[in-house]
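J.: Going down the list, the protein sequences come from chains A and B. Take the first sequence: its letters are residues 0 to 386, numbered as in numbering that gives the first Met the number 0. Take the second sequence: its letters are residues 0 to 275, numbered as in numbering that gives the first Met the number 0.
These are computed hints drawn from the structure, not numbers from a lab. Ideal Cβ positions, reconstructed from N, Cα and C, are used throughout, including at glycine. Check before you lean on any hint, since a few could be wrong.
Covered stretches of chain A (chain B as the covering partner; in silico rule of three or more C-beta atoms under 8 angstroms from a C-beta of chain B) [to be verified]: (1) 134 to 146; (2) 165 to 178; (3) 248 to 256.
The calculated lysine-lysine pairs, modelled on DSSO-like cross-linking and capped at a C-alpha distance of 27 angstroms, are [what the hints assert, rightly or not]: (4) A:305 - B:109; (5) A:305 - B:107; (6) B:77 - A:92; (7) B:109 - B:223; (8) B:258 - A:305; (9) B:73 - B:223; (10) B:269 - B:109; (11) B:107 - B:269; (12) B:215 - B:258; (13) B:223 - A:305; (14) A:305 - B:73.
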Amino acid sequence: MSGERFLGTEDLAGLVGDLLAAGTQVIAPAVAGTCASPAALASSACLRPGAAPELIQYLSIQDPALLALGRGMPSLSLKSFFLPQNEALLHWKQRGSAIELEPAPVERRRRVVLGAKPCDAAALEILDRVMRWDYVDELWVGRRDATAVFTLACPMEDDSCFCPAVGAAPDGTRGADGLLTPVDGGYLVEATTDRGRELLAAHADRLKDLDALSDGADLRDQAEAFRAAARERVAANLQIDAESVRAWIATHYDDPLLTALGVRCNGCGACSSVCPTCHCFDIVDEPDGVGCGTRRRCWDTCQTGKFTAHASGHNPREDQNVRFRQRINHKFSIYPLRFGEVLCTGCGRCTRVCHAGQDLVEILATIDVAARRGEPEPTAAGEGDAA
Amino acid sequence: MNLYGPQLATVVDLIDETTDTRTLRLELQDPVAREVFSFRAGQFGEYSVFGAGEAPFCIASPPTRPGAIECTFKLVGKVTTALREVNVGDTVGFRGPYGNWFPLDDWKGKNILFVAGGIGLAPVRCVIWNVLDRREEFAEVTIVYGARSVADLVYKRELEQWATRNDVTTVTTVDPGGETQDWAGRVGFVPTVLSQVAPSAADAVAVVCGPPVMIKFSFPVLDKLGFADDDVFTTLEMRMKCGVGKCGRCNIGPVYVCKDGPVFTAAQLKQLPAEY
C-alpha cells in the first residue's frame, strides 16, 4: 500500500472527539457488555484464543473511550445503520375521507464508521447494486451518501470466516473509503476514495507521515505482514470456484444434495438477521392512534413459511428445505446472475448463530465439490439428517 | 415522497362482480399525476388502505381508457378485507405501474385467444379491452372464460357485451354443478371447453390466466392445439411487497416477478423451479 499515514492510538481518540465535536455521528465497534452465555460467545466469535468474553457491537459512540477496535467480531453487522430493523416510510393521517401523507425524511446527518470489518463494508457495496437497480431506494442511498466508512484490517476471527472465497478480503476496502491496519502504537491509515481523502485531509493534524517517523519503514512492514498473514490464514478456511457453484445451483434446483443440505434448517431466520447482505423486507401499516399511523418497512426473512404465503392459503415454498434452498440460491446464484456479485461476504455469522448447526463453509465446500465433479456429493451430515 | 410513497386516489365507483369480488374505480387525486399516468396492459400496482397495508393487483382497466384505474379483488386477506370496506369518495393509496406487459405490438395481425378462469379474468380483461379498442390491428379474437358457478362469473355485463359483438367469439362456461336452470352457456371445466372450442393455433397467440389448476391443465391443451410455448402468455401472482425489485419476496429461481414479470410465456415458465 502507498499513501499510508500513521494514526496513533491517542490521535484516533482525538480524531473521534473532533468528529463528535463537529456534529458527525461516529459508529464503531464498542463493548456492549459481556458474552454471558455460551450462545452469545459462539455468535460473537469471541472464543478466539486470547480474546476476552466481550460482546462487541457496532454502536453510535459518544465517547472515544468506548472504541473497541480490533477486539473481535461485532455480533451484528453494519446493516442496521443503513437498513434499520424497522423504519418509517411515511406517516398518514385521516381527515374524514381524505388522507394526508408525510414522507419519512431522506436527508441524513453526516456519519463516519471507524473500524468496520471489511466483510461488513463489502456488504454495503454489494447491496448498493440492488438498492440502485432501476428504482433508487432513497432511504438506503441517503444513508450511504452521508456515511464515510473506514475498515480495519481483520486478523480473521475463526474458522467460520471465508471472505476471500466470495470475493472479499480481510484487508479489503470494498464499500469503504479507506483502511486502517493495526501496528505498534496505533494504526496505518489510507484513504481509497475522494470522500476518504477529504476526511483525512480535514483531520491532517492527527496524522503523521510515515517518512517523517524514524520507525516509518518498520511500521509499513508490520502492517503488510499483518495483512498478508490474515489473507493466508483465512484463505485456508475455504476455497471454492464461485462461478462453478453459481452455475451448479442454477441448474440443480431439484438435486437431492440441496434437499439434504436444507433438512437440518428449522427456519428460525436468525441467519438472515445477522447477515450483512440479507435485505428482504416487509412493509406494514401500524396505527399510531385513531385515524393516524405509520407505514414501516421491517426486516423479513425468506426462511419463514409466511414469507411467500398467499392470502388464499397457497404457498409456493411450503417446505423448509425449499426455503433454505432459496437462501442459498439467492446468495450464490440469483444475485450473481443479476448483479455480478455473490450476496455473501464470508463473515461467518450465519454459521456461528445457527443452533441447528448449518455451516455455510461446509455447505459451500460440498456444493463446490459437486460442481467440480458434475455430480452430487452428499455430506455425511446431510445424509445422516436426510435419513 | 420516497420510492415507497403511494399516490392518493379517490374511489369513484365500486361494482360488485360476485358476492366476494369487487371492482374499485380509482382516480388519482393529484391532477398532474392523473394527467401523466400511463401504463401498458399487464402491469400491476400496489393498492393500499391506510392502516391495513398494501397488496399488489393488476390494473384491470385498459390503457386505452385513461383517466381512472380499476382493480378487481376477491375478499381473502387483510388488505382485501379493508378494500372491501371503502366507499365511494374514500381515499386509498396506489403505487405503480410496475412490471412488464403483454407485447401487444408484436401481436398485430394475429389471432388472439384469451383463456381465463374465475378472477383470473381481471388481468385478461385489461388486455381484451386493449385489443378490442384497437380491434382493426388484430385478426380473430376468441374468449374462453369459466368460473366455478354462474354466480362466480366476474364482469358479467362485459361478458354480455363481448358475446353480442360479431367480431369476437365468446365462450362462457361454468364447472359441472355450477350451472343454474336458465344458464345458456357451456358446462365444463375451462381446459375441457377449450379443447372442444379448439381454436386454431395458426398465426395465433394465447393469453391464459386463472387458478393454478386451470393453468396446469390448459397448457397441455394449447400444446395439443399446436400453440408454441413462446406464443402462450400468462401473468403470475406472487406475494410482493415493494414491487420494485428490492424486498426479495417474489423470486422464482433467477426471476424477480415484479421486475421481469408478471407476464411470462409458457416457455419461460418451463425454465423456472415450480415455486409459484
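J.: Compare the structure with each hint and give your call.
T.: Consistency of the hints with the structure:
With a cut-off of 8 angstroms between beta carbons, the stretch 134 to 146 of chain A has 5 residues touching chain B; three or more are needed, and the interface restraint holds. Here the stretch 165 to 178 of chain A counts 0 residues with a CB under 8 angstroms from a CB of chain B, which misses the bar of 3, and the coverage is violated. Given as covered by chain B, the stretch 248 to 256 of chain A passes the check, having 3 residues with a CB less than 8 angstroms from a CB of that chain where 3 are the minimum. Of the pairs offered as hints, the one joining residue 305 of chain A and residue 109 of chain B is violated, with about 42 angstroms between alpha carbons and a cut-off of 27 angstroms exceeded.
The suggested pairing of residue 305 of chain A with residue 107 of chain B is violated, with an alpha-carbon distance near 42 angstroms, which exceeds 27 angstroms. Between residue 77 of chain B and residue 92 of chain A the alpha-carbon distance is near 20 angstroms, which keeps this suggested pair within the 27 angstroms criterion. With a C-alpha separation of about 19 angstroms, the suggested pairing of residue 109 of chain B with residue 223 of chain B holds against the 27 angstroms cut-off. At most 27 angstroms may separate the alpha-carbon atoms for a hinted pair to count; residue 258 of chain B and residue 305 of chain A meet this at roughly 22 angstroms.
Between residue 73 of chain B and residue 223 of chain B the alpha-carbon distance is near 32 angstroms, which puts this suggested pair outside the 27 angstroms criterion. Between residue 269 of chain B and residue 109 of chain B, the direct Cα distance comes to roughly 24 angstroms. Compliance with the 27 angstroms bound is thereby established for this hinted pair. Between residue 107 of chain B and residue 269 of chain B the alpha-carbon distance is near 26 angstroms, which keeps this suggested pair within the 27 angstroms criterion. For the proposed pair residue 215 of chain B and residue 258 of chain B, the alpha carbon gap of about 24 angstroms is at most 27 angstroms, so the pair holds.
Of the supplied pair hints, the one linking residue 223 of chain B and residue 305 of chain A is violated, its CA atoms being roughly 37 angstroms apart against a limit of 27 angstroms. The straight-line distance between the Cα atoms of residue 305 of chain A and residue 73 of chain B is roughly 20 angstroms, inside the 27 angstroms bound, and the hint therefore holds.
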